[in-house]
Amino acid sequence: MTRYIIQRLVYMIITMFLIATLTFFLMKLLPGSPLASADKLSEEQQAVVLEKYGLNDPIPVQYYNYMVNLAQGDLGISFQFDNREVTTIIMDRIGPSMQLGIQAMVIGTILGMLLGLVSALYHNSPLDYTSTFLAVLGQSIPSFVFAGLLQFYIGVKLGWFPVALWEGWEYTVLPTVSLAIFPIAIAARFMRTEMLEVMGSDYIVTARAKGVNKFGVIIKHGLRNALIPLITVLGPLAIGLMTGTLVIENIFAVPGIGEQFVKAINVNDYPIIMGTTLLLAFMFIFIILVIDLLYGVIDPRIRLAEGE
Amino acid sequence: MKKTNWLLLVLALVLSMFLAACSGGSDDTSNSTDDADTEETDSGDSSSEEEAATGDSEQVLNLLDTAEIPTMDASLATDAVAFQWLGSTTDGLYRLGEGAETEPGIATDHEVSEDALTWTFNLREDAVWSNGDPVTAHDFVYAWQRAVDPDTGSEYGPYMMNGVIKNAEAVNAGDVPVEELGVTAEDDYTLVVELEKPVPYFESLTTFGTFLPLNQSFVEEQGDQYALEADTLLSNGPFVITEWNHGEGWTLEKNEDYWDAENVKLEQINVRVVKETATGVNLYDTGEVDRVNLSAEFVDQYSTSDEYRIIEEPTLFYVKMNQENEILSNVNARKAIQMVIDRQGITNTILNNGSIPSGGHMPKNFVQHPESGEDFRELNGDLVQTDVEKAKELWATAKEELGIEEAELGYLGGDSEVAQNMDAFIKDQLEQLEGLTVNVESVPFQVRLDRDTAMDYDLQNSGWGPDYIDPNTFMNMYVTDGANNKTGFSSEEYDSLIQKAGDELALEPAERFDAFLEAEKILIEEEAVLAPLYQRARAQLLKPYVKGVVVNPMGPDYNYKHAYIEGK
Numbered sequence: 001m002t003r004y005i006i007q008r009l010v011y012m013i014i015t016m017f018l019i020a021t022l023t024f025f026l027m028k029l030l031p032g033s034p035l036a037s038a039d040k041l042s043e044e045q046q047a048v049v050l051e052k053y054g055l056n057d058p059i060p061v062q063y064y065n066y067m068v069n070l071a072q073g074d075l076g077i078s079f080q081f082d083n084r085e086v087t088t089i090i091m092d093r094i095g096p097s098m099q100l101g102i103q104a105m106v107i108g109t110i111l112g113m114l115l116g117l118v119s120a121l122y123h124n125s126p127l128d129y130t131s132t133f134l135a136v137l138g139q140s141i142p143s144f145v146f147a148g149l150l151q152f153y154i155g156v157k158l159g160w161f162p163v164a165l166w167e168g169w170e171y172t173v174l175p176t177v178s179l180a181i182f183p184i185a186i187a188a189r190f191m192r193t194e195m196l197e198v199m200g201s202d203y204i205v206t207a208r209a210k211g212v213n214k215f216g217v218i219i220k221h222g223l224r225n226a227l228i229p230l231i232t233v234l235g236p237l238a239i240g241l242m243t244g245t246l247v248i249e250n251i252f253a254v255p256g257i258g259e260q261f262v263k264a265i266n267v268n269d270y271p272i273i274m275g276t277t278l279l280l281a282f283m284f285i286f287i288i289l290v291i292d293l294l295y296g297v298i299d300p301r302i303r304l305a306e307g308e
Numbered sequence: 001m002k003k004t005n006w007l008l009l010v011l012a013l014v015l016s017m018f019l020a021a022c023s024g025g026s027d028d029t030s031n032s033t034d035d036a037d038t039e040e041t042d043s044g045d046s047s048s049e050e051e052a053a054t055g056d057s058e059q060v061l062n063l064l065d066t067a068e069i070p071t072m073d074a075s076l077a078t079d080a081v082a083f084q085w086l087g088s089t090t091d092g093l094y095r096l097g098e099g100a101e102t103e104p105g106i107a108t109d110h111e112v113s114e115d116a117l118t119w120t121f122n123l124r125e126d127a128v129w130s131n132g133d134p135v136t137a138h139d140f141v142y143a144w145q146r147a148v149d150p151d152t153g154s155e156y157g158p159y160m161m162n163g164v165i166k167n168a169e170a171v172n173a174g175d176v177p178v179e180e181l182g183v184t185a186e187d188d189y190t191l192v193v194e195l196e197k198p199v200p201y202f203e204s205l206t207t208f209g210t211f212l213p214l215n216q217s218f219v220e221e222q223g224d225q226y227a228l229e230a231d232t233l234l235s236n237g238p239f240v241i242t243e244w245n246h247g248e249g250w251t252l253e254k255n256e257d258y259w260d261a262e263n264v265k266l267e268q269i270n271v272r273v274v275k276e277t278a279t280g281v282n283l284y285d286t287g288e289v290d291r292v293n294l295s296a297e298f299v300d301q302y303s304t305s306d307e308y309r310i311i312e313e314p315t316l317f318y319v320k321m322n323q324e325n326e327i328l329s330n331v332n333a334r335k336a337i338q339m340v341i342d343r344q345g346i347t348n349t350i351l352n353n354g355s356i357p358s359g360g361h362m363p364k365n366f367v368q369h370p371e372s373g374e375d376f377r378e379l380n381g382d383l384v385q386t387d388v389e390k391a392k393e394l395w396a397t398a399k400e401e402l403g404i405e406e407a408e409l410g411y412l413g414g415d416s417e418v419a420q421n422m423d424a425f426i427k428d429q430l431e432q433l434e435g436l437t438v439n440v441e442s443v444p445f446q447v448r449l450d451r452d453t454a455m456d457y458d459l460q461n462s463g464w465g466p467d468y469i470d471p472n473t474f475m476n477m478y479v480t481d482g483a484n485n486k487t488g489f490s491s492e493e494y495d496s497l498i499q500k501a502g503d504e505l506a507l508e509p510a511e512r513f514d515a516f517l518e519a520e521k522i523l524i525e526e527e528a529v530l531a532p533l534y535q536r537a538r539a540q541l542l543k544p545y546v547k548g549v550v551v552n553p554m555g556p557d558y559n560y561k562h563a564y565i566e567g568k
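Just so you know, the protein sequences line up as chains A and B, in that order.
Start counting the first sequence at 1; every next residue gets the next number (full-length UniProt numbering).
Start counting the second sequence at 1; every next residue gets the next number (full-length UniProt numbering).
Mixed in with the good hints, there may be bad ones.
[Stated by the list, open to error] Some chain A residues close to chain B (C-beta under 8 Å, calculated; not the full set):
{"hint": "1", "residue": "Asp-92"}
{"hint": "2", "residue": "Phe-152"}
{"hint": "3", "residue": "Trp-166"}
[To be verified] Some chain A residues well away from chain B (every beta-carbon gap over 10 Å; in silico):
{"hint": "4", "residue": "Ala-20"}
{"hint": "5", "residue": "Asp-74"}
{"hint": "6", "residue": "Thr-87"}
{"hint": "7", "residue": "Lys-220"}
{"hint": "8", "residue": "Pro-229"}
{"hint": "9", "residue": "Phe-286"}
{"hint": "10", "residue": "Asp-292"}
{"hint": "11", "residue": "Arg-301"}
[Stated by the list, open to error] BS3-like, lysine-lysine: derived pairs with alpha carbons at most 25 Å apart:
{"hint": "12", "chain 1": "B", "residue 1": "Lys-197", "chain 2": "B", "residue 2": "Lys-500"}
{"hint": "13", "chain 1": "A", "residue 1": "Lys-40", "chain 2": "B", "residue 2": "Lys-166"}
{"hint": "14", "chain 1": "B", "residue 1": "Lys-364", "chain 2": "B", "residue 2": "Lys-500"}
{"hint": "15", "chain 1": "B", "residue 1": "Lys-500", "chain 2": "B", "residue 2": "Lys-521"}
{"hint": "16", "chain 1": "B", "residue 1": "Lys-275", "chain 2": "A", "residue 2": "Lys-263"}
{"hint": "17", "chain 1": "A", "residue 1": "Lys-157", "chain 2": "B", "residue 2": "Lys-275"}
{"hint": "18", "chain 1": "B", "residue 1": "Lys-427", "chain 2": "B", "residue 2": "Lys-390"}
{"hint": "19", "chain 1": "A", "residue 1": "Lys-52", "chain 2": "A", "residue 2": "Lys-40"}
{"hint": "20", "chain 1": "B", "residue 1": "Lys-500", "chain 2": "A", "residue 2": "Lys-40"}
{"hint": "21", "chain 1": "B", "residue 1": "Lys-166", "chain 2": "B", "residue 2": "Lys-500"}
{"hint": "22", "chain 1": "A", "residue 1": "Lys-28", "chain 2": "A", "residue 2": "Lys-40"}
{"hint": "23", "chain 1": "B", "residue 1": "Lys-521", "chain 2": "B", "residue 2": "Lys-364"}
{"hint": "24", "chain 1": "A", "residue 1": "Lys-52", "chain 2": "A", "residue 2": "Lys-263"}
{"hint": "25", "chain 1": "B", "residue 1": "Lys-166", "chain 2": "B", "residue 2": "Lys-197"}
{"hint": "26", "chain 1": "B", "residue 1": "Lys-392", "chain 2": "B", "residue 2": "Lys-427"}
{"hint": "27", "chain 1": "A", "residue 1": "Lys-157", "chain 2": "B", "residue 2": "Lys-543"}
{"hint": "28", "chain 1": "B", "residue 1": "Lys-543", "chain 2": "B", "residue 2": "Lys-275"}
{"hint": "29", "chain 1": "A", "residue 1": "Lys-52", "chain 2": "B", "residue 2": "Lys-166"}
{"hint": "30", "chain 1": "B", "residue 1": "Lys-197", "chain 2": "A", "residue 2": "Lys-40"}
{"hint": "31", "chain 1": "B", "residue 1": "Lys-547", "chain 2": "B", "residue 2": "Lys-568"}
{"hint": "32", "chain 1": "B", "residue 1": "Lys-543", "chain 2": "B", "residue 2": "Lys-568"}
{"hint": "33", "chain 1": "B", "residue 1": "Lys-568", "chain 2": "A", "residue 2": "Lys-157"}
{"hint": "34", "chain 1": "B", "residue 1": "Lys-364", "chain 2": "A", "residue 2": "Lys-40"}
{"hint": "35", "chain 1": "A", "residue 1": "Lys-28", "chain 2": "A", "residue 2": "Lys-263"}
{"hint": "36", "chain 1": "B", "residue 1": "Lys-392", "chain 2": "B", "residue 2": "Lys-521"}
These are computed hints drawn from the structure, not numbers from a lab.
Bear in mind the structure is a predicted one, so any value in this text is a computation, not a measurement.
Each residue gets a CB set at the ideal place from its N, CA and C atoms; glycine is no exception.
Given the sequences, and given the hints that come with them, work out the whole structure.
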């Protein structure tokens, strides 16, 4: 097991290196200048500013310098926020995004699973139809529509929760709910399908025949088996949510990283683009590793490298 | 079976969540404003010299900005947000006040030498930085040197100072040391500025962010950290930044040590970053913010409200025509393009935010004749009239002169939704000209700038806002080989008018103004270098209890020094 993890970590470093290299060169293909007022300066004046950021060097030299700094954990300073360190900016911004993402995932998964479970257990009943209908609705309507509706009706009309901004726990409620709709829908649909399949299999029938009560079987055998495909889907979804969603962050004025990333690309803020890409890539790879390990915990049949 | 009930309960909860999202329209209570009030920290009546005019209202202004402050370092600032909050926290030599007139800042007055090349500013002795240091002439010398120092990497330093302050260009190019810059402290409270050439608008220029003073020992002590956080910056103006949560917002409080503190009524300004207009409007409706800018889709809904207002901006938009293109090298073709576009249609239908059609290359209500006080735009009138029939005639002549039947032109436009709508509209208008095909390309701003610099376009939807209050900021763009010309336009007559205005007429305000009037006629009427489109305005909602906010045509958008809350 330890060996497996070490092996995976080595792969992670190689992947990160490749991603950094690829992003660096792709980013240099972005049209336009990183200067804020390139339209107002003569070429000589622009050159003076670019010199300060080392952008007059040949691209291979810039690449070498970047990678050397990166290896030392230095992501450089931002262009659009003069002199501010990329690490600081990302750390400032990732917090709210992750908090919303995690809250939405936890709520979304739990509610979604319950919804799916109910559907499966009361298969073809009105309850099943209702929850399936809700799941389809949740999956097909974009989250910003929900966000807009929640903001207007719950925030403005009812005044139950703050309309927007980010100043405390109550401010996370509406964005979390908006973000949770999609995981709810996904989890519910997967849960329903998987449970239906699992509950019909021989070992469940056997367990029931042996007199184990219905809920014991569901929790101990059914749920556990139904979780595997769910985790496969939810892992990447979790990353998507935790790394910030531009639209929800804009609607609720959340100071998250999603909006920051998009803006950096628009204004050619190279260090921020690099830093954010690397962070997202790292989180992605890391979660995939966690998921692979989780499979083993959930399903003994695929416990990795055990007993070698 | 008990567990089934439990599951049902959960399901009911889930359902109620969905239902809550879709109902509640009838309940129109606005109790959420209570939440808003408790957020404001109580700062009300702490100062006893509060003027009677302010009544009992809490002197707190709640605002939105659409972006985070990129920097609070005056040498590095380039955008509206940075200049806004630098202007609120720092006094320069002068401050821009009501009617774009300068009002005293750190300078009390100044003398200009006979040749208009040497300006001597007398500074007040009672101004202090928020760390207690006095504000002296040395702070200006240091700040201006820093702005053009190539090691600083400032963009606006060279842009604002080159060709204005003596030796700025050479210092920025690294040819001479920064000490050679034409700004010196004769003593602690006398600042002497030497100019490269007479600059009639220099007084208004000193209100601009790049010219704000810096406390050398503090800046150097903070080093790389300077102005990155609320506690690594200094203020000498009406307000100090007391809290700065990056990406989220910031808080300004009245600076009790400000030299003119007795005239500052506002105790606190809270600013929150909100990018989405709809969100801003919702926050405005719940009373959490006192002002919000509206985009076109909200104008119809709110334009009858008492709180609706339109603020004219001196920013112009126009179609640039590249004269290196064979078709556009023909003046009749360019005139046809000018005349065929329905500018009223653009402002009424596409923009719908109070923007007005522009009839030249100088905004309305921006500069006035120094003697008669008449507006530049009034004096020159609309140099372009929309006249489709005339345009078609001119186009026919142009085709004859060029010996062509059909023409194809590229059109470079922005990639926002409004820009794309507008460009589609303009394409339709242009294609009224027989045989003309227009291919619209929608590109991001940075790409458009690149292609403008390379002159890689035929037609281009472009805009310009002033950097100082003088006709020169619009007119000197189109001198031969000017950095922002990029149309291939070159006219000796035009060049000599602009040259004269900057040189021998610099001390003759009336003649100088006439030269600019003449130049605009050449640019728009005779040579048809540009096809004017519109002058931008912003539509906004403002709570009636917010008073005394001055709207500036350049630099900081608003001056809050004299603002107060009354009758909230």
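Evaluation of the provided hints:
{"no.": "1", "hint": "Asp-92", "result": "5 Å, holds"}
{"no.": "2", "hint": "Phe-152", "result": "7 Å, holds"}
{"no.": "3", "hint": "Trp-166", "result": "5 Å, holds"}
{"no.": "4", "hint": "Ala-20", "result": "23 Å, holds"}
{"no.": "5", "hint": "Asp-74", "result": "13 Å, holds"}
{"no.": "6", "hint": "Thr-87", "result": "13 Å, holds"}
{"no.": "7", "hint": "Lys-220", "result": "14 Å, holds"}
{"no.": "8", "hint": "Pro-229", "result": "22 Å, holds"}
{"no.": "9", "hint": "Phe-286", "result": "24 Å, holds"}
{"no.": "10", "hint": "Asp-292", "result": "31 Å, holds"}
{"no.": "11", "hint": "Arg-301", "result": "29 Å, holds"}
{"no.": "12", "hint": "B/Lys-197 / B/Lys-500", "result": "12 Å, holds"}
{"no.": "13", "hint": "A/Lys-40 / B/Lys-166", "result": "20 Å, holds"}
{"no.": "14", "hint": "B/Lys-364 / B/Lys-500", "result": "24 Å, holds"}
{"no.": "15", "hint": "B/Lys-500 / B/Lys-521", "result": "16 Å, holds"}
{"no.": "16", "hint": "B/Lys-275 / A/Lys-263", "result": "12 Å, holds"}
{"no.": "17", "hint": "A/Lys-157 / B/Lys-275", "result": "21 Å, holds"}
{"no.": "18", "hint": "B/Lys-427 / B/Lys-390", "result": "18 Å, holds"}
{"no.": "19", "hint": "A/Lys-52 / A/Lys-40", "result": "18 Å, holds"}
{"no.": "20", "hint": "B/Lys-500 / A/Lys-40", "result": "23 Å, holds"}
{"no.": "21", "hint": "B/Lys-166 / B/Lys-500", "result": "19 Å, holds"}
{"no.": "22", "hint": "A/Lys-28 / A/Lys-40", "result": "22 Å, holds"}
{"no.": "23", "hint": "B/Lys-521 / B/Lys-364", "result": "15 Å, holds"}
{"no.": "24", "hint": "A/Lys-52 / A/Lys-263", "result": "22 Å, holds"}
{"no.": "25", "hint": "B/Lys-166 / B/Lys-197", "result": "8 Å, holds"}
{"no.": "26", "hint": "B/Lys-392 / B/Lys-427", "result": "15 Å, holds"}
{"no.": "27", "hint": "A/Lys-157 / B/Lys-543", "result": "20 Å, holds"}
{"no.": "28", "hint": "B/Lys-543 / B/Lys-275", "result": "20 Å, holds"}
{"no.": "29", "hint": "A/Lys-52 / B/Lys-166", "result": "24 Å, holds"}
{"no.": "30", "hint": "B/Lys-197 / A/Lys-40", "result": "20 Å, holds"}
{"no.": "31", "hint": "B/Lys-547 / B/Lys-568", "result": "11 Å, holds"}
{"no.": "32", "hint": "B/Lys-543 / B/Lys-568", "result": "9 Å, holds"}
{"no.": "33", "hint": "B/Lys-568 / A/Lys-157", "result": "22 Å, holds"}
{"no.": "34", "hint": "B/Lys-364 / A/Lys-40", "result": "23 Å, holds"}
{"no.": "35", "hint": "A/Lys-28 / A/Lys-263", "result": "16 Å, holds"}
{"no.": "36", "hint": "B/Lys-392 / B/Lys-521", "result": "22 Å, holds"}
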